[in-house]
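Residues per chain, in single letters:
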Amino acid sequence: MDVIIDVKRHSYDELLVLEDIKVHVREGEIVAVIGPSGCGKSTLLGIVGGILKASEGSVFLDGKPPADCLNPLTFIFQDFALLPWRTVAQNVGLPLEHHRLPSGQRNARIADALARTGLTDFAGALPKQLSGGMKQRVGIARALVVKPAVLLMDEPLSALDAQTRDLLMEDFLDLLLRERIAGIYVTHNFQEALRLADRVVVLSRRPGRIKEVVSIPIPQRERTDKAAVITLADLGNKLWSLIRDEASVADREVIHE
Amino acid sequence: MSEIAASGPSVLPSSGSPQRREVEFRGGGFMAVPQPLYSWVAFAGIIALWQVSISAGWIDPVFLPSPASICIALWQLVVSGDLWIHMSASLSRIGTGWFIGTGLGLAIGVAMGLNSSARAVGMPLVSAIYPVPKIALLPLLILWLGIGETPKVVTIASGVFFPTIIATLAGVDAVPRNLIRMAQSFNMPTSGIIWKIMMPSALPGILSGFRISVSTALILVVAAEMIGAQYGIGAFLLTAGNLMQSDDLMAGVVILSILGLSIGAAITVFERIFLRWR
Ligand SMILES: Nc1ncnc2c1ncn2[C@@H]1O[C@H](COP(=O)(O)OP(=O)(O)OP(=O)(O)O)[C@@H](O)[C@H]1O
Ligand SMILES: [Mg+2]
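Protein chains in written order, with the working numbering: chain F, 1 to 257; chain X, 1 to 278.
Simulated from the structure, these hints should not be mistaken for lab results.
There's no promise every hint is true.
[Said to hold, decoys possible] As a list, the in silico SDA-like pairs of lysine to any residue whose alpha-carbon atoms are at most 20 Å apart:
| hint | chain 1 | residue 1 | chain 2 | residue 2 |
| --- | --- | --- | --- | --- |
| 1 | X | 196 | F | 178 |
| 2 | F | 64 | X | 189 |
| 3 | X | 196 | F | 22 |
| 4 | F | 128 | X | 189 |
| 5 | X | 196 | F | 90 |
| 6 | X | 196 | F | 195 |
| 7 | F | 22 | F | 178 |
| 8 | X | 196 | F | 14 |
| 9 | F | 53 | F | 14 |
| 10 | F | 128 | X | 274 |
| 11 | F | 128 | X | 187 |
| 12 | F | 147 | F | 128 |
| 13 | F | 128 | X | 201 |
| 14 | F | 147 | F | 210 |
| 15 | F | 53 | X | 189 |
| 16 | F | 53 | X | 177 |
| 17 | F | 147 | F | 14 |
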């Protein structure tokens, strides 16, 4: 399923946040969005996922979602957004509860999502008993349980420490590629973008406009090979030079709220 | 070379430097340390001192009865069955009033939390009536509803109703928005959001509201019974006071203390069961 983003403008009251964002995310494609703080990345993702309404412009879906997909556009949240009073399995099952499914199928979906995120042994644990990395695995399992077409991820790893982040990112990438799930991945961290994305959309500082779209011509599975190191380093330098000036200006802005 | 070899990870320099001194403990942030023994010893000490001052004749027992005579008065209340008569009268008033006030308060608090128009209408009314000591309404309620149980129960219900609304409203307002957005991102229907996200999330606030509303109910039942009732702890206290039976009077106070503590403990048990996830 394709996502066609055509956001002409978005503002919060007087504050213009996004302008002229046109992106076509193809089936199974992973698109990273990077840009300085406050440039409107989260806003853009919210608009794409239908939890914010663009001031002007729309987002379209095209094509058929995968079989038994219950929620084509599914979020994975930076702060995990788990219900603390529910166990891991109950959290993962939450999005199924308002769908009519035979209970056998429901349980099978939950078990499958838990297995694919390595959470089977933690099904009965409460969120407070889990580390940050495990909590985000629950967030991922909850997204997988609805068999999404496109995952919308707003800095899903940024609340985690560096080692957990690296470990989880590899698992994550594996899932996306294996299931051919498309992803829009918002991040500050262009190393993550370089590891995951087919294309990187670089936004300017607020109001966010598309500054450049950088394609990464190496398949994700080959990016850890020695041969890829130089190309990726060049792309990394390019991305950094694209956002460095924007970021340093954005960083010095005083927030008026 | 030998210097490097000597500074292995577990080898410390031997003492002898005149500047060497130990780092002192500078305080741990005034952390509260539980000391149950102190509490019991102090409690027992006060009772003992009290008993001694009366046995020795330092205090007039009509003015302040001794712990022993209070115990005897309590015991007589139990064996005569009077305790049960007064307790059941008070408890049934508290129970009825509290349930009515809590039920209405929860419903209206949730409605005000979810619906901006309901909040706009309700908030000024709640703010205006909340600070009024509800016992002041009793004469008015007697005028409207006649004497008997109804005005007492309604007084208690109204005393419970307002703090419950406020606790519920605060609980609903404190529901993390990201959880609601998460639910919406899975197309969860509004009723599901209310029951599965908002209510459990507001529960801690609602339960701590219960603590306040229960003690309000206790105050109001005693006050209402002092104004006009034949049975009830409040009526019993008033009679004992009029007859200068200070041992009965103190026994009534002890009963109220035990009652308040037990209700508080029951709420704590409730919290342990329902808020285990915190
Ligand atoms: N609900 C809101 N009301 C008013 N202004 C908002 C709101 N949400 C965001 N903003 C402002 O809009 C701008 C863009 O916010 P957004 O969260 O989309 O940026 P971001 O690129 O995700 O930032 P970050 O990198 O910090 O996550 C910011 O300046 C922010 O202060
Ligand atoms: Mg953001």
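Exercise. So which of the earlier hints does this model not fit?
Worked result: Of the numbered hints, 1, 2, 3, 4, 6, 7, 8, 11, 12, 14 and 17 do not hold.
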